[in-house]
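Q: Residue numbers 0 to 425, in numbering that gives the first Met the number 0, belong to the letters of the sequence shown in order.
Bear in mind the hints are in silico, worked out from the structure with no lab data behind them. Please note that the accuracy of each hint is not assured.
[To be verified] So the derived label-pair ranges between C-beta atoms look like this:
no. : residue 1 : residue 2 : range
1   : Phe49     : Arg224    : 46 to 54 angstroms
2   : Val401    : Ser253    : 48 to 56 angstroms
3   : Leu102    : Pro374    : 35 to 43 angstroms
4   : Val252    : Ala178    : 38 to 46 angstroms
5   : Leu181    : Ala111    : 17 to 25 angstroms
6   : Val386    : Arg20     : 51 to 59 angstroms
7   : Pro374    : Gly286    : 29 to 37 angstroms
8   : Ala55     : Ala101    : 21 to 29 angstroms
9   : Ala383    : Val189    : 15 to 23 angstroms
10  : Ala169    : Arg404    : 16 to 24 angstroms
11  : Ala178    : Gly110    : 19 to 27 angstroms
Glycine is no exception: its CB is placed at the ideal position from the N, C-alpha and C atoms.
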Amino acid sequence: MRAGGGGPGLLAQLRDPPGGRDARIMLLALAVDRTGSGLWAASSVLYLTFVTHLSAQQIGILLGTAGIAGIAGSPLAGRLAGRLPVRTLLIGCHLLRLVTLALILACTSFGALLPVVAVTYLGDRAAKTLEMLFATRAAGERRVAYQALSRSAANAGYGVGAGLAALGLAVGTTDAYRALILGNALSFVVAAGLVWRTAEPAPAPVPRAPAGGGPAKGPGPWRDRGYLRFVLLDIPMNLDDSVLGVGLPLWLVSRTSAPHALVPAFLVLNTVLVVVLQLSVSKRAEGPRRATRALLLYGGLMLGCCAFMALATRGGAWAAAVVLLAAALLVTLAELMRSVSSWELAVLLAPEDARAAYLGVAGMSQSIQKSAGPPLLTGVVMAAGPVGWLALGAAVAGLAVVQNRTCARRLGIGPSRTKVTASNVG
């Protein structure tokens, strides 16, 4: 269906997406890339444990450092995209990760792996930002519909990769682990080849003067306090990722009586719902008014999810299982709202003449959350017990209200109805 109502289904829109042929090829490249990511996510820890023989502490340091390095990937990609073709840079990111994965297969010591894995994560984050920039330019005003399609394609690819990884992990030999890493490397080769077949999307025309609401010209993202405030508040608006991947499984096994076999069901539920519902949910975040309202929905859904997490400690195994599945459902719906509203607001709040640099800075919020979110959940929220989850839900809901009001004010759709530009917001 269309983002704005009834119409062609998912497969029909994937065949004819906003942006035409180049967008269709890019969606295929994205699905291939995420298939490789699924292979890596499912096998990397076991590869580092059983093939390179790193300790759990070393793996934690390695992946934590890599996550921090990934934070720099978004602003670096945004800055370079203001000077160089996005298509060329994206091909470069795919080839960079191809080289680093080959080095990972050759490295056996912690000291050698640390910089290689860090560069891999930097390239991964940069590639995601460049994909967003490509879509923003190629899909134009229909970027929200394209974002919904990209989310569906990415999740489908990720699911395929995780499924293929399960086959390799079932074999469990050193050669099987290496084959999974090679499969990820192969995905970068195919993705680079597909991107090569596209044409460079034309950047949006730079307006000569502000014409209506929203920013038209700014001082640069690092000096634009209003935009930096948006990026800062967007960090907790990405916590659904850590709640799903870290909070739900750890809370289930450590504080509830629900069966451990339920853990894979969380990811299956998430993957299926994102693929099926992303297009229909995207209509709630298209345009400034819907995008800002989606923030409130996000806060409410996260509050409900956290409340269910707190309740899961009560009752028997089946009651806990039902409550945790409800929490997984709500956090998935929150993810669906956030994935399109966050991107739409990042675009709308950025001046058109510097959009690449601004979106590069906006991309940092996801990377920072991936580094800070898991320690927050395990060291603070879960340590406080059910009260910790209630406090987290209330905090995210409150910050969503603040983000809603600041974005509405900057876009000129707040109660005052005053139109504001990026150059005078701070």
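Q: Determine for every hint whether it applies to the structure shown.
A: Consistency of the hints with the structure:
Distance hint check: the CB atoms of Phe49 and Arg224 are about 49 angstroms apart, consistent with the given range 46 to 54 angstroms. Hint check: Val401 to Ser253, Cβ distance near 32 angstroms, so the stated range 48 to 56 angstroms is violated. The beta-carbon spacing between Leu102 and Pro374, approximately 28 angstroms, falls outside the hinted interval of 35 to 43 angstroms. Between Val252 and Ala178 the beta carbons are some 30 angstroms apart, a value that contradicts the proposed interval 38 to 46 angstroms.
With their beta carbons about 19 angstroms apart, Leu181 and Ala111 fall inside the hinted range of 17 to 25 angstroms. Checking the proposed 51 to 59 angstroms range against Val386 and Arg20 shows it holds: the Cβ atoms sit about 54 angstroms from each other. Taking 29 to 37 angstroms as the suggested C-beta distance range, the pair Pro374 and Gly286 conforms, at roughly 36 angstroms. Judged by the Cβ atoms, the range 21 to 29 angstroms given for Ala55 and Ala101 holds: they are separated by roughly 26 angstroms.
A beta carbon spacing of about 46 angstroms between Ala383 and Val189 contradicts the range 15 to 23 angstroms that was offered as a hint. Distance hint for Ala169 and Arg404: a CB-CB separation of about 51 angstroms, inconsistent with the stated range 16 to 24 angstroms. The hint said 19 to 27 angstroms for the Cβ distance between Ala178 and Gly110, and at roughly 26 angstroms that hint holds.
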